[in-house]
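Read top to bottom, the protein sequences are chains A, B and C.
If you're matching positions, the first sequence starts at 7 in the working numbering and goes up one per residue.
If you're matching positions, the second sequence starts at 7 in the working numbering and goes up one per residue.
If you're matching positions, the third sequence starts at 48 in the working numbering and goes up one per residue.
FYI, nobody ran anything at the bench for these hints, they're computed from the structure.
Covered stretches of chain C, as calculated for chain B (at least 3 residues, CB under 8 Å):
#1 212-218
#2 697-709
Within a straight-line C-alpha distance of at most 30 Å, the following computed BS3-like cross-link-like pairs (lysine-lysine) qualify:
#3 LYS314/C x LYS212/C
#4 LYS8/A x LYS314/C
#5 LYS199/B x LYS228/B
#6 LYS310/C x LYS94/B
#7 LYS94/B x LYS83/A
#8 LYS8/A x LYS629/C
#9 LYS934/C x LYS36/A
#10 LYS983/C x LYS941/C
#11 LYS134/C x LYS103/C
#12 LYS639/C x LYS8/A
Partial selection, computed: residues in chain B whose CB lies under 8 Å from chain A:
#13 SER92
#14 ASN93
#15 ALA108
#16 GLY168
#17 GLN183
#18 THR184
#19 SER185
#20 ASN190
Beta carbons: idealized from backbone N, C-alpha and C, even for Gly.
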Amino acid sequence: MKIMKCPLNGPRNISEFICFGEVSKMPCPKKVSDDEWADFIWMSNNSAGVVQEWWCHSATAYWFIAERNTVTDEILKTYPASDVFTERIDF
Amino acid sequence: MTQQADPTSFNIRSPHYRTLLSAGARFGSYMNTSCVMDYGRSRNWEVSQAKQLGLVDLTPIPRTGFKGQGVIQWISSQGMEIGQHSNKAYPQQNGMLVGRLADIEVIILNGLQSRTNQCESLDEKHACDQPVRCYLVPRFNTLAWFMVTGETSAEVFAKICGVDLRLKNFSRGAIAQTSVARINSIIIRHDLKEIPAFHLLFDSASTEYMWACLMDAYMEFKGSPVGYSAIRALVM
Amino acid sequence: METSPNRLPPPLGMLVNHDKPVSFRFESSQYTGLAGDTIASALAANDTWLLSRSFKYHRPRGVFSMAGLEANTLVQVGYEPNVAADKRKITSGLEVTGQNYSGSLANDRAAKIGLASRFFPVGFYYKTFFQPSGAWQNFWEPIIRKYAGLGQVHLDTPRKYYDKKYLFCDIAVIGGGPAGMSAALSAANSGAEVLLVEQEAVLGGSLNYGRFDTDGKLAPDLRDEFVATINNHSNIGIMTDAACNGWFADNWLPIIRGHRMYKLRTKELILATGKMEQPAIFHNNDLPGILLGTAAQRLIRLYGVRPGRRAVILTAGDDGYAMALDLLENGVNVVAVADLRESFDATPMYEKVRSCNIPVHMACTVFEALSDKHTCHLRAVELRKVASRGRCGNKVQCYDCDLLCISTGFMPAYQLALQAGGRLVHDERSSMFSITGLPASIHLAGAANGENELGAEIESGRRAGRAASKKLGLTVSGHALPKQVYPASYISTNHPWPIFPHPRGKEFLDLDEDLQYLDIVHACQDGYTELELVKRYSTIGMGPSQGRHSALATARVVASATQRTVSEVGVTTARPPLHAEKLAVIAGRSFKPKRLTAMHNRHLESGAQMIIAGMWWRPAYYGKSQHRNRCICEENLAVRDNVGLIDVSTLGGLEVRGPDAAEFLNRMYTFAYSGQKTGTLRYLLMANTAGTIIDDGVACRLDNEHFYITATTGGVDNVFRTMLWWNAQWRLDVDVTNVTAAYAGVNLVGPRSRTVLQQVCRDIDLTSKSFPYLAVRSATVAGIPARLLRVGFVGELGYEIHVPSLQGEALWDALLDAGHCYGIKPVGIEAQRLLRLEKGHLIVGQDTDATTTPQEVSMAWAISKRKPFFVGGRSLQIIERHQSSRKLVGFTIKAEQGDTPEESNLILDGNAIVGHITSVGYSPTLDRIVGMGYAKADTEPGTSIHIKLKSGKLQFAQVVDMPFYDPENKRQNM
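Bound conformation, chain A alone:
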């Protein structure tokens, strides 16, 4: 079983985590066309290579971001979500 380093809890068996897919930017719901919105909802990139992914340490419900190579399954680094989402978002 793989080990993943949780920014809060340190290295743990990957069975303690839940993967929530790639980090993607939600288009502005007011400006985006129906087609673009549907694309955002239903089409994931499924890129081969290093991607940013959402992961959650389930015992602490702690969300963070991991950079993982989807080809080699190597986890390159992990960091708190606040490193990426730095400001309050309003609509």
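Since the structure of chain A is already known, use the hints to place chains B and C on it.
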């Protein structure tokens, strides 16, 4: 020290008090509830069992928690000393143990030798102060509280928990928030003087299940439930 | 004490206790072995060699590797099928039988099938049995199952306790042979915490049974020195009888010992797994009495068993000559050595054999082996000259013998290394193997890395230990290694082509699957030239030995047939498990969490039938299961006419606090919460980004900045996690805490609920005027602090009472007490489901599925149009512009009108499926069957729908307006 008490004569009850009774538990009244004081065996027997491998139900002992950006500031203003590392427990002068679960969250355990409800006082102070961004977490009811004591306690955990809790790797005061027997749990190393011991706090609805899992894991090491009196004797 | 004919005296037999006889039964005869014997060694000591019948042709088989590596020794031990007789220790009274034969093991009627082997060409399953249609299931499969059976599975097998345990170390060394011991010592001297894992009962590996010098002293001396040093080393943990059965990511290793799987996590891993001796391929190379050389050595030194009386040795290097000396010293008459090589430089080992006047035939092979008709055992071998690669020339001589030892080559035990990403490389000139491409945290030592000389093995262990320590930032100090100077011990050789096809075939490449030389050649001719395809087509390497004895020969034959090198052909993908693994070991003691509400034992005491919902145990109804329907009816009527008490503790509970609490709920749920007044509660409907309903509940506004919200039992964990995920992006000033376990809850419900509650709750005014429907209050109930919610899930006057969970049982007791004189009844979730169905309330997950939108369930009213954003809002805008094809409708059927439909029964429009029933039941209040289901979107009340029952019959149902009961909602407002 206390008269034997019937757990059902109190509103607050350990969820698995029937199982404890059938294991021979003798309850004593404790604050506004009842707690297993011993299992009808001699104090010496229980103390030496606790040194080897004991399981103590501390569910009736007070605990609380706070969460939010303002937590550390408010807790500090209450005279508590808390370090900056998460997943670390900080013992207080008054016997309480403050576990820092994250930057903005703490769990607080009543002093094991204390005869007053320090946590309730803190909760009342909190209600009165209404500190900004510091929210109460009702840990007394969300989490059941067991203590795993004795020389082989780390070995027992290896049967139900994937984190390396061996004594030299998981030092005093270390906290692991992880899965124990598939239940989300908080493990805090808190030795009773020189006896290795771990607090195990977990989903209170799983109390009966966790007790059974531990008793099963204990068999291999000849572990046994012991009462609160035994661990009091060990910290005195 | 009666001695066994083949038993050798001490000190031979390091694993057995010569003073402790043990009796057991094999094939209904009584045998006596020694404590420490395996089934096979004890039988061999008593000159019993035939252990099993082969999988396909029912050929007699016996000991081959003495290491549990192949199917030859599989026996049935009591309830346990497929036990390796050369691994399992005997115990007193053990009952052992052979497998896969008709009649007796020695006289198997099914062995005739071997005569027909030419009618079973390679791939015959695919070529033969597919026609005519149905022939496989009805005719061939039952026959093949009968003849190609392994052991017997007994359904009444007693349950045994298996479990798992985590294990951690700095450096794990797999394999306790010379290289492994050397690696462990060197690593431990750096201060690292080392775990040495050995599958045999004792450390030593080949030092325990092999011979490395002419006088046979080196191995035992070296072993004793190593073992003593290791035993005294405080940094080395030793696990013997422990099999590392696989490699998983980040050095996660299942180590199986007895009934336990250890899940070992190591920082650095040293693989000192040794080598596997390989068979030679010739006619009848599978007869009992034909052993790998190491198997004979294991019998002698580990078990003190003489492997035969008259032996011939087939070799291609010093291994065979060492073997000859071992046999000679232990009373075996070695009648000849056949050496495949043309010529070689004489070695001390060879010289010593020659000095014993044993005939050595150079450039010779075994052309065929002959068996005794009655015992099935080897009786003679015919030696022939090797004319050219794989071809025999003239007959040299036929030797009578009962033992043939084969020592013609080795292959590294490569499986773990290859699972970890390594690649096997074959040197075409030396025919030796090496492994490359391993991850940086894995180190190879000894024969596993192709080392073929004892001194080099030990040295490579030392290097590996040092390299692993260095990776951990440690340096090796001290010189605890044995100071042995290694005399030029011999070098193992690997003959490039010990394969000799025979006109009558039966030269087995794979003993498990009975595959012969031509089968593989034909597979290549049939077009399957890639090894993975050859394997699947022919089934080679798919048996219990997983190619341990067939991979090399197969690679050679395929390479030759396709004009490639052995490296180019390679071996098939190595996957865990390494050895057969019991499902019980994988399952362990299986943890099944069980969440109980505070009132759980009260339910049991009241005779409740419990059902499991997720991890929660909940009362379905109270009473005996044969009275199920009556109980549910009575509970239903108690709520409608009087008062009932429902345990709702499993409901999810979340505290949402902070300046942005209302804004946060606005974003998470479809409805609007900013304007919600303190002290009231409001319905919550949650959609996902696609606009699909995923949860519901109520929001209680306890304060301007504090909501207490409920979520569904099964949904709350996901709701909680999803909320935190969104706010990790939005960064609103709000805190969400999951307090599900903190609260026990009951629904005190029914027209008399207020009266009952008034008995135990006196600090607030309960009248509808000051505590109306959809209000929330804090109060004290029977001395317990409580949150009271007036909600209407079941459509009667009622109070949800949420209290600290440790006081839940006391609350339950107090309410039943207070309601006693009013005839209060505990009510289970079956009745609750029926009650809410009568009210037309849906249950998310039961009446909705993965695509249900609010529109389809007529809940457009719960969607706020004035909010700038909420999750799913943008998708719902799009969905609203498209007419859905279905909607959830209510229907009724008169009670006497035929069969009651069940949930999931289809709703048809002509022959087309338009939906299914999501909830249905008999309503005692309305005396008819009521239900909900998906029908065409234009279905109107007053029309009828067609339901296809489980029986296949069609049932008509009347579509009606919902709710079925109390459409004016008067009763919940009382």
